[in-house]
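Work out the full structure: start from the sequences and follow the hints.
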Amino acid sequence: MGRSRIVAAVGLVAVVGVIGLAFALDPSDADTASTTVPVAEAPATTIATPDLPDRGPRPDLIDIDGWLQSDVSSLEELEGKVVAVQFWTFGCRNCKATLPHMQELYEKYADQGFEIVGIHAPEFEYEAEVANIEEAAAELGVTWPIALDPTKRTFHSWQEGPTAHWPRIYLLDRDGHIRYDHIGEGRYAETDAAVQALLAEAG
Amino acid sequence: MFASFAEAIRATTQPCTLLLLLPAIVMAIVTCGRWLAFAAICVGAVLGGWLFVANVVALDGWQLQLSGALVVIAIGLALIAPAVRQLNWAATSGAQAALAGVVTFVATLWWRPCIGAELGAILTGARTSVAGELPGITAYMLGTMVPVLAVVLVVRAIDPSPTATRPIGWCASGVGLVVAAAMAAGRHDELVTTLTRWTTS
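Line order of the protein sequences matches chains V and U. Going by this note's numbering, the first sequence opens with residue 2, and the numbers climb by one from there. Going by this note's numbering, the second sequence opens with residue 1117, and the numbers climb by one from there.
It is worth saying that the hints were derived from the structure and are not from the lab. Owing to the predicted nature of the structure, the values given are computational and were not obtained by experimental measurement. Backbone N, C-alpha and C fix where the C-beta goes; we use that ideal spot for every residue, glycine too. Careful: at least some of the hints might be erroneous.
Computed beta-carbon distance windows for the label pairs [claimed, not checked]:
#1 V:L22 to U:R1243: 37 to 43 Å
#2 V:V17 to U:A1174: 30 to 36 Å
#3 V:V73 to U:A1155: 39 to 45 Å
#4 V:A201 to U:L1186: 32 to 38 Å
#5 U:A1155 to V:E78: 54 to 60 Å
#6 U:A1301 to V:S158: 28 to 34 Å
#7 V:V8 to U:G1241: 36 to 42 Å
#8 U:Q1130 to V:S158: 25 to 31 Å
#9 V:D61 to U:L1186: 34 to 40 Å
#10 V:P51 to U:A1155: 53 to 59 Å
#11 U:R1282 to V:P60: 51 to 57 Å
#12 V:T152 to U:T1310: 19 to 25 Å
#13 U:V1291 to V:D112: 50 to 56 Å
Set out below in structure tokens:
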């Protein structure tokens, strides 16, 4: 066996080791575990309240093709509440990973004037079928209002630049102004602290 | 930095990374696992990642189709390059590497990543400072290229004979051409849906 082949074989073993390490360090297990802690037993958060600059009034919802699980049919009807607007689609694994944390927020703060609106913007055709969305919402434990954005016009109009992302969460204060924005999974404690601060601010 | 690198490695097992990985792996095989080509692939991925984070380019419609056609041509050129290798090996090898970099760069423009905590933090941070997030996205993009490195090492460890190299290259490029042709034909959504269903079924 030539020297270069041996070096390649050793390198391959090292790469497999790095891949194994990457999976061993996957923090999602810890995240998932934290969501299973009953809300009442959850330790008090020590996360500092993030900056919540006023980023101006929220954009309008455009071409929404109906609402699911909702008594309201517009964001205007939610003014006076702190609202989390989350862009998601049920086929997106990272969106799914955020849902237990969203549910936790909902259970914790819904009776204090907090609401979640999930804007479902499908990536693929099968994600645009209302029956599939309803089925997925039931399976995934999504109990908050869902606004349907099949053309993704709202999805793109809210997000700056040519590329828009799932999942993305915006927190609106009681005046309907954007005060917090996060792309992707994570920062759950920070989001929780932001909701608390916005509720306290107005209360 | 390592957290971004590691998250990218984990994301390579998800369907959302396939459109980036497949063309890069194809080019790694077509170029017989040469280090120069792998370096070009990494450069293409990192440059594409920078553009993604800067959020200044998004291909849509005819642009996607044109990019697919470009990749068809690039893979074709890389495939026939060995035919002229005897004339000028170094130049041909360099050209193959450059084509591998171009193909990977274009593939990053097709990429719709899974946005985990690390990539999400990078994208969120980039809203206020793109430059500040370049190290993070560089680490992330290099993480996505780890499976390509594994393929390069496998090719080098096997070190197939010249007679075996050709059919392997043709098979790999066939996969790449199917992907690129689907993009050129405007079948991006169907392609991603199909890849997703294959990998999740």
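Hint by hint, here is what the structure shows:
1. V:L22 to U:R1243: 37 to 43 Å: violated, 31 Å
2. V:V17 to U:A1174: 30 to 36 Å: With a Cβ separation near 35 Å, V17 (chain V) and A1174 (chain U) satisfy 30 to 36 Å, so the hint holds.
3. V:V73 to U:A1155: 39 to 45 Å: violated, 55 Å
4. V:A201 to U:L1186: 32 to 38 Å: violated, 54 Å
5. U:A1155 to V:E78: 54 to 60 Å: 56 Å Cβ-Cβ, so the 54 to 60 Å window holds.
6. U:A1301 to V:S158: 28 to 34 Å: With Cβ atoms ~29 Å apart, the hint holds.
7. V:V8 to U:G1241: 36 to 42 Å: Since the Cβ atoms of V8 (chain V) and G1241 (chain U) sit about 38 Å apart, the hinted range of 36 to 42 Å holds.
8. U:Q1130 to V:S158: 25 to 31 Å: Since Q1130 (chain U) and S158 (chain V) have Cβ atoms about 28 Å apart, the given range 25 to 31 Å holds.
9. V:D61 to U:L1186: 34 to 40 Å: holds, 38 Å
10. V:P51 to U:A1155: 53 to 59 Å: Since P51 (chain V) and A1155 (chain U) have Cβ atoms about 40 Å apart, the given range 53 to 59 Å is violated.
11. U:R1282 to V:P60: 51 to 57 Å: holds, 55 Å
12. V:T152 to U:T1310: 19 to 25 Å: holds, 23 Å
13. U:V1291 to V:D112: 50 to 56 Å: holds, 55 Å
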